[in-house]
Every structure is written in structure tokens, then in C-alpha cells.
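Those protein sequences? They're chains A and B, same order as listed. Residue 82 in the numbering used here sits at position 82 of the first sequence, with consecutive numbering throughout. Residue 284 in the numbering used here sits at position 284 of the second sequence, with consecutive numbering throughout.
Calculated from the structure, these hints are not laboratory results. Warning: the hint list may mix true and false statements.
Below, in silico cross-link-like pairs of lysine-lysine (DSBU-like), each with a Cα-Cα straight-line distance of 35 Å or less [to be verified]: (1) Lys269/B - Lys2/A; (2) Lys40/A - Lys413/B; (3) Lys269/B - Lys40/A; (4) Lys40/A - Lys260/B; (5) Lys413/B - Lys2/A; (6) Lys94/B - Lys39/B.
Partial chain B-side listing against chain A, Cβ under 8 Å, derived [stated by the list, open to error]: (7) Tyr195; (8) Thr249; (9) Ile310; (10) Thr330; (11) Gly434.
Even glycine gets a Cβ: it sits at the ideal position worked out from N, Cα and C.
Given next are the chains, with one letter for each unit.
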Amino acid sequence: MKITEQEVRYVAGLANLSLSDAEVARFQGDLDQILGHMDKLNELDTGSAAPMSQVLYEAADTATLRPDVPAPPLGNQAALANAPDPGAGYYKVPLVIER
Amino acid sequence: MEIASLTIDQIREGLLARRFRAEELAAEALRFAQADNPKTGAYLHFSPERALAAARRVDEKIARGEEPGALAGVPVAVKDVIVTRGVRTTCGSKLLENYIPPYDATAIELLEAAGGVILGKTNCDEFAMGSSTENSAFGPVRNPVALDRVPGGSSGGSAAAVAQGTAVVSLGSDTGGSIRQPASFCGVSGVTPTYGRVSRYGLTAFASSLDHIGPFARTVKDAARVLGVIAGRDPRDSTSAEAPVPDYTNALDGNVKGLKLGLPREYLKDMTSESGSLINRGVEALRRLGCEVREISLPHTDYAIASYYIIATAEASSNLARYDGVRYTTRSADSATLADMYRNTRGEGFGAECKRRIMLGTYVLSAGYYDAYYLKAQKVRGLIARDFRQAFDEVDAVVAPVSPFPAFRLGEKVDDPLAMYLSDIFTITGSLAGIPCMSVPCGCTAEGLPVGMQILTRHFGESTMFKIADAFERAGGVN
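Bound-form chain B, shown alone (with noise of 0.2 Å):
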């Protein structure tokens, strides 16, 4: 058994054809992940109590003849800022770092009720604010493609597991592309669903109307089993959505003939670098498959970074809040005030990203300023909403480069957050819009650094992008 490169379907094979049971899987899933992990750090800390209980569930049904669910057996990793009863959950954030969840998140239900087996938590920036995973309190996750480079983040962990092979899938979160650019970086499938489309209850809040719980994969296939699982309406998050859940699977035919894919005009520019030229052959490699490609235009482009951090601060300053001392955990030592106490353990606890974050929220917000940044920002963000809307009058999918630039050196672009910000700017316009979208590995740099395509489709249109993204991989990608 190769555990490193195992898909969905060979473990369900295996477990169905009793060749392995899911508790032996599960118990070398866990020997191998904690022996590998230290090379890039993708994982905190490992469950293996609970991973051992999920596989011995699955075995139950099995010897009793039932269904065990989509990922019997399946080795998972879940990014730190999604809660685990019982299992410590610690947002990358020296104010949470013995927190231990009273309940779980809607999605770790499904997985488990699914079959599947939690094998730990994964680092990712401090509350899920970055785009390179250096901003966790517990140092950096390395990408496995290339050690001395940041495996993207926020997300880092989970994809640097899946790329690593220390899970088969993992469960990412995606606010601004946190999802997609560590794909991207680290050369796996990442997948932002439609906003609401997966619920957000146990998802630790950082900007509510613009987080997304998402899965990475090594396949599309794989991603798109776990959407299937994780996906549908829960009464516990009032924007999770009413639409029922297709079987994602049933759409991966590798037929894309006449499908019409638009390549916004406004990103061309941006795509003359080493990056852009993989993505033009990928979009190439798209047309032989017999998509049709045409230019579009997203015309208010240029307004979507500055639009989302002020949306995205303005949330995080009030959803960040509750960190004040009383409930979760940390609390300064020897403050006589309550003020004093609320300030001292939030200027002790949060990281330099945190705290430009909630400052520049704070700020966006206060008397004075609403009207000239936070509804602005909406009004431009409903511009930005209605640019997709038209564009997928005329075309069934945008394909766009994730980002700029592929991994890059660990402290790199440490020292300039705008720089860094900007950077999200391919990520941040399907964000803003809470349309489908995800990365879908397309080829490698000349120093084998993986650069991912990204496919967005409009409001619940998941399965046209997993076909187009599927049938981009059986044809091999860009090669």
C-alpha cells in the first residue's frame, strides 16, 4: 500500500475487497504522518484516538455489510481554525493555543458520518490572516515542493499535508483565496465552494460574509467526493444554502466540447510572467479539448483589493472581539482594570497580522469613516458581484491565473503587507462574489515550482467547474 499517493477510490476498494481494514490504514496513515511531518510542519498536532475510533466505525459497518460511507477509511487532515470536539484547536494563535472545542464543526460531522478518519489539525496563519502560513505563533510550515519556500496560506498545512501525502484530502478555509494559492503553491486541487454552499458553523470566524470551508485533493475527483460530503443546508448557519447537493462526480465525463470559457481582459497584463505563460498553455490545452475561449472583461478589477480589506478588516475587528480574556482560554497576568485586562491580553496574544488587521478594521469602521471606506467597499463589491454575473451571460466559466508569482522564499515578503495583499488580487474578485472556484495544478517552472489554474463558474455551478477541471487533469494538464 503506497500511502503517499493513495486516492478515495483505492481505499474503498481495498476496504470493500477486505484486502486492509480501516483501522490498519488509519494506524499507518498516522505512523507515516508523524514520521514525515516534521520535514515541512504541516500538521500541530495529531488525533489519534479519534482517527483510531472513526476506522474502527468504518470496519463495524463494513463487517456488517453496510454502506460505510463516501471516505470510509479516508485520511484527512483539518485546518486548525475548524473545531473538533475534544481535539485542541488553536487558530495558528498564542491566544487559543489550549483551547479545546466543546462541539464540532458541521463539516467534521459529515466527514465522520461520511466514514472519515481526522488524522490531526494543520497550521495556517493566525486565524486564518496571510497568504503564506508565516504568521502562525507556531512557526512556518515549509512547502514539500521545495523546502526553503512557504507552502501559501492561509491554509498552508493542509495543502502542504496533501501535496506531502500525509493525508488524502484535507479541509482548508478560504476568506480571500486561502484556499486556492497554497493549492496553487504546493501543486494540488483546492476548491472554494459557492458562499454558503458548505456551513459554516465551527469554522472559526474571521470575515463572515466571505469565508468558505473547502477541500483539498490530489485529485479533482477526490475534491469534488469531499465537496459532495460536506455540502448542504444547516439550520445552525442561517447563509448555509437551501440548493440541494448534486453527486459532483456524475459531471466528470472529460466531455468539455462547447463550453465557452472567458479569459478576462483586465488580467492579461499580468500574465506575461513565467506563471502567466503556463497559464496561457493551460488555457491552450483547454481549447484542444474543444472549449470554446473568448476575451471578457471584469472591468472593475482594479477596485477589488482595496474593496475586500476593507470589508474583510471591518469583519475581522468585530468577530476578533470576543478574544478579550474572559472565555477562551488567555488571559494577562496581573491587569487591575477589566479594560485594562481586555487590552493587555489581546495586545499580548495577537500577531503583528492580527493586530494591522483589526486596527485597519477598527479604523474603516469608526465615526466619520463608515460611509467613505465600508460602504463604499460594499457598493463596490456589488460592482465587482455584477461584473461575474454578465460575464457568465456569455460564457459558462472565467479561467484566470491564481496568483502572480509561484512559491515563494520562507521571509521573503515578510515586511511589506500592501505588497502582500495585492498579491491576492486573481483570488480576491471570485471571493468578493461568492461565486465557485478553485485551483487546479497546471504545470511547473522551469525550477519545478507548481503554478495552479484557477476555473470560477457562477453561483452553484460547482459541477461545470470540477468537469472542466477534471478533464484539464486526465489530459494531463499543460504536458
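Isolated chain A, as found in the complex (with noise of 0.2 Å):
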């Protein structure tokens, strides 16, 4: 077996994913057979191969970059207009830090 039930309930907690116990037992089932097909990886010797970070690989280290420009940003009303539950100009989230 690729994934056990538990190894499931601890990446769904690195995740922040709440999952409940039919769907814990449903993706390690999924899980195990996905990550049965990637051990198809294993056939490779990929030794000397270097890793692909990125597509346009004959472009200049530099090509990515812009010029430093300030440029006016969205502002506090229209980036807090999709919050659940904005407040004085702020995002606001259950208690953190008991004091």
C-alpha cells in the first residue's frame, strides 16, 4: 500500500482540508492507485537530467524582469469588497491570540 488511512488524515491537516471519514477512506483508495501509476517514475534514471523549473529556457535570466515602477494599487475598498467579513479597513478572522 502507497497510503495508509492515517498518512490521508495528516496531509488533509497539511492542507487545511476538514475531511469526513467516507471521504478519508475514498481518497486513500484514489490516492494508492495514483501514486501506484507514479512509480513509473522509478523505471527512469533520470540521474543527470536537470529538473525543468521553467518553460522558456533559452530566455535571458533577466527576461522576466520588469522595470520598478510604482503604479497606483487596487486600494482598501475594492481589495476588501469579497471579504466574508471586513471591518475598519480589514480583513477580520476568529480569535488568534488569547490575551
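Fit chain to chain and form the complex, with the hints in mind.
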């Protein structure tokens, strides 16, 4: 087995995802099957190959840079317009630190 | 005016000859789209005010004798993962059901600056994750060609709208085949340009190193026109490319004599199906037009699915971390702590496929597994890109199927995620390499289901790709 139910719960914790028991059981099966397929990569000796972390590798290192010129920001009101619980110009969240 | 079969050229001609005004066309297109939409559910919502305002700007330009733009008055549908200021953008997710973006994607700005008229936003798999549009939180889309079948995915609504005639062209997004596969299922052209050719600014991120915006159209020429409008460097997307944008329609001269086409040996075993035999007929048609066809090898093809589903899910698990109940409209009620609020919002908000991919991506990035999965997958990705570079030393373009099968029935494949992933084999290799690829209609099966042929070229080789697809289309495809 590639992944146990306990590991599924651990990964769900890392991903901040609450899962029902039924989902844990289902994902254990799904991930086990998918990770089994991914083992196929071990057939390949990739020892000397360079990881491809960007696509346009022929471009110069500075190709992705733009001049650092300040531009007007979105603005507080627009940025908060979709917030589920805005207040006093901020995003409000449940209490984090007990005083 | 036959609204369901208009082309960009016909609209331009009609506007400049003052046979109709852009506003009249927009109103008529909206009426038709809204009336006909229930058949397929291609659109999630419409943006009539925005459409009519854009059309009026076109009319004003024409009245002043100014050039109205390459897409003047053209009714466009936009996949609901591309943000539109003031127009709801849901990404097919319950989490963003009420999200109203405060800005426009660069592709949207460019479309409207060229006179495009955005009619509305189209349904898709949640956060563009899927191959059938059945993963949308707002219900599936039906294929206009066969209503009991899926339109493909994830850009199923954008493909369906163009096939149905409720838009002249549309925008979709493609990460592992999400434009090409629905284009093939619905019998229209769908283009995934070179990675970085079109700015991703305002495209909701799924897998940033693989995401593309691209057009759907009923003709190759219309697809080429739309790409010409939305392509180009954008300082707001650091991965957008500096390379100049040619007028792609200049390449559409029907002359493909002497072009060298490669048929990957590794794909041949999958080409014995009915879809495969149509692709073979397509290749024969291209040979009759004067192309030289030879077998080539893409030796790492068998490793593409594994590499893709590691890289794409790893990037997705990072990109989707932002939907935590703080900023984006939806928050789980009654969570006592911040951590519970995050977990419950995400647990209640994401659908099964998003959760599956977030889990997979988090797993392959987690401590102890990074080298074995993510790093390994990136190395394999490099080998797959090298396969294509070597192929393009020998040939001008690669010709391949888009999907192993035509549109399947709604519900037929929802219970087997791995089988669904494996069916992406022909589209994923090009996505990993970041090269331009498109699907062009290549006949229909005995049941009348469309099949698409894929044409892939080297980085920034879109002109060659369009030239071949257009010549094929002019010659009548496989008929």
C-alpha cells in the first residue's frame, strides 16, 4: 500500500482540509491507485537530467524582469469588497491569540 | 443575419458596410444566446450591460471613421476562470459563487480594446480541474452535438458555446488539454499557444508553470485572429514572452507543400480505434496536400501522465491555498478558531476533484517525498521537452490525436479518476513541453461524434501550426 488512512488524515491536516470519514476512505483508495501509477517514473534513470522548473529556458535570466516603477494599488475598498467579514478596513478572522 | 454561424470577417464587413450596427448585433446575439443556452448550459451567466457598452464603443468608432479593431463587434464567451471586473467569476466553484473581481484579466482588456463584445461567462470544471465539465459546482454542460454526452473539459462551456453558435469565438484555459480536448469533442478549433505567449494575469491560477489562455473558434482563421489580439508581453505576468506577435493570418495561404510532419511512433498503438483511423485519414489528407509525413519518436511519452499529475497537483495545492475563508467571499459559519475556519471553509467549499488534487499535491511536496516525486517529475518534464526539441530538428510539426476517444456519456467516467487522468495522454506531452498545439476538426465517427486532430509545433511556431490547420480545413478535412 502506498498510503494509509492515517497518512491521508495527516496530509489533509497539512492542506487545511477537513474531510469526512467517507472522504478519507475514498481518497485513501484513489491516492493509492494514482501514486501506484506514479511509481512508473522510477523506471527512468534521471541522474544527470536537469529539472525543468521553467518553460522558456532559452530566454535570458533577466527576461522576466520589468522596471521597478510604482503604480497605483487596488485600494483598500476594492480589495476588501469580496471579504466575507471586513471591518474597519481590515479582514476580520476568529480570535488567534488569547489575552 | 445567421447569428449561429457568423465569422469575424462577416461581422467586420457588415459593420463597415453599415448593414448593421454593433449594438444591434450584440443585442441579437445576447437574445439568441440566452434563449438557446438552456439546451447545453454552456454559459453560467451573461453580462448584457458590459456587452452593449462595448458594442456602442465600436459603433462610435465606426461613426467617427476610426479603425474599430480586429474583433470589432464580435460576440465572445469567456471561461469563468478568467476574471472580469464587475462580472461574477466563479471558477465553477461554490467557494467563489459570489465573487466579483475588482479587475480585468489582460486578455479581457485586449479583447475589448480590439472591439470584442463579451456576452457572458462559461461553465467549466471547478478551478479548471477535469476533462468533462462534470466537476462544476453548478452542474454539467451538455455537448451541443450530442446532448447526452459531455463537451469535454475543463473548458467545456467555451467549446460548447462556439459549437452551438451562441458565441462566435471564446476564450478557454488549458493546463493539460483543457482547450484542445473539448474542442475535439465539440467539433471546433481550439488553440493552446506557446507557454508565455498570452499573459496569465487575471487567469485564476491552477498550475502556474502549465496554465495557458487560448481561443476557440469555428474556423482556424478566426482562432488565429483572436490569438493575435490577446498575445504579447505583459509586465504584470513575468512569464509572458517578449517575442513579437506576427499577424498569424498572413500564414494562411493554403500552401503546405514540402512541410515535414512527424507522426510519433509511441502514439501508433493507440490509433487503431475509430478516432485513430480518422486521424490516419487526416494525415493522409495532409500528405495529399504536399506534406512529407515521417515517423518520429517521443521516447518519454509513457512517463508524461505521472510527471504531469505530480507537477500540476503540487502547483495546485499551493495556488489553491489562498481559498481559506479570509479574502474570497465564502467562509464556513461557526468556526471557533482560525485553523478550524480554514479547514471547514475548504472542506465545505471544494468539490471532490479539487480535494483529490490538493491532497495529491500536498503529499508529493511533503517532507521526505519531494525528491522522489516533485524533483523526479521535473527532471522527466525536461526529458519530454527534449524529445520535442529533437523531433523539431527533423520535422516542422508533429501530428497526433487529441483524445483516445470521442465525447463520452455524462456520468460514464466520473467514478474512475485514474482512468480519466490517463485519457489526457495526447494533450499532456505538449503541455509539459510548453509548445503551441491546437485541435482542428478531423471528421466524425459513425455515430456522428466529432474527432479532433492535434498539430504541435516548436516554441513560437504558431504561424506554422495555423498554416497547416487552415490548409487542412480548406481542403475539407478528411472528406
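Hint check:
The straight-line distance between the Cα atoms of Lys269/B and Lys2/A is roughly 30 Å, inside the 35 Å bound, and the hint therefore holds. A C-alpha spacing of about 23 Å is found between Lys40/A and Lys413/B, which places the hinted pair at or below 35 Å, so the restraint holds. Only pairs whose Cα atoms come within 35 Å are accepted, and Lys269/B paired with Lys40/A is accepted, the gap being roughly 19 Å. Taking the CA atoms of Lys40/A and Lys260/B, the gap is near 33 Å; set against the 35 Å cutoff, the hint holds.
Restraint check for Lys413/B and Lys2/A: the C-alpha separation of about 24 Å stays at or below 35 Å, so the hint holds. Taking the CA atoms of Lys94/B and Lys39/B, the gap is near 23 Å; set against the 35 Å cutoff, the hint holds. For Tyr195/B, the interface hint holds, the least distance from its beta-carbon to any beta-carbon of chain A being 4 Å, beneath 8 Å. The closest approach between the C-beta of Thr249/B and any C-beta of chain A is roughly 25 Å, which is over the 8 Å cut-off, so the hint fails.
Below 8 Å, beta-carbon pairs count as interface contacts, and Ile310/B has one with chain A at about 6 Å; its hint therefore holds. A distance limit of 8 Å between C-beta atoms decides the matter here; for Thr330/B the minimum to chain A is near 6 Å, and the interface restraint holds. Restraint check, Gly434/B versus chain A: the minimum CB separation of about 3 Å is within 8 Å; hint holds.
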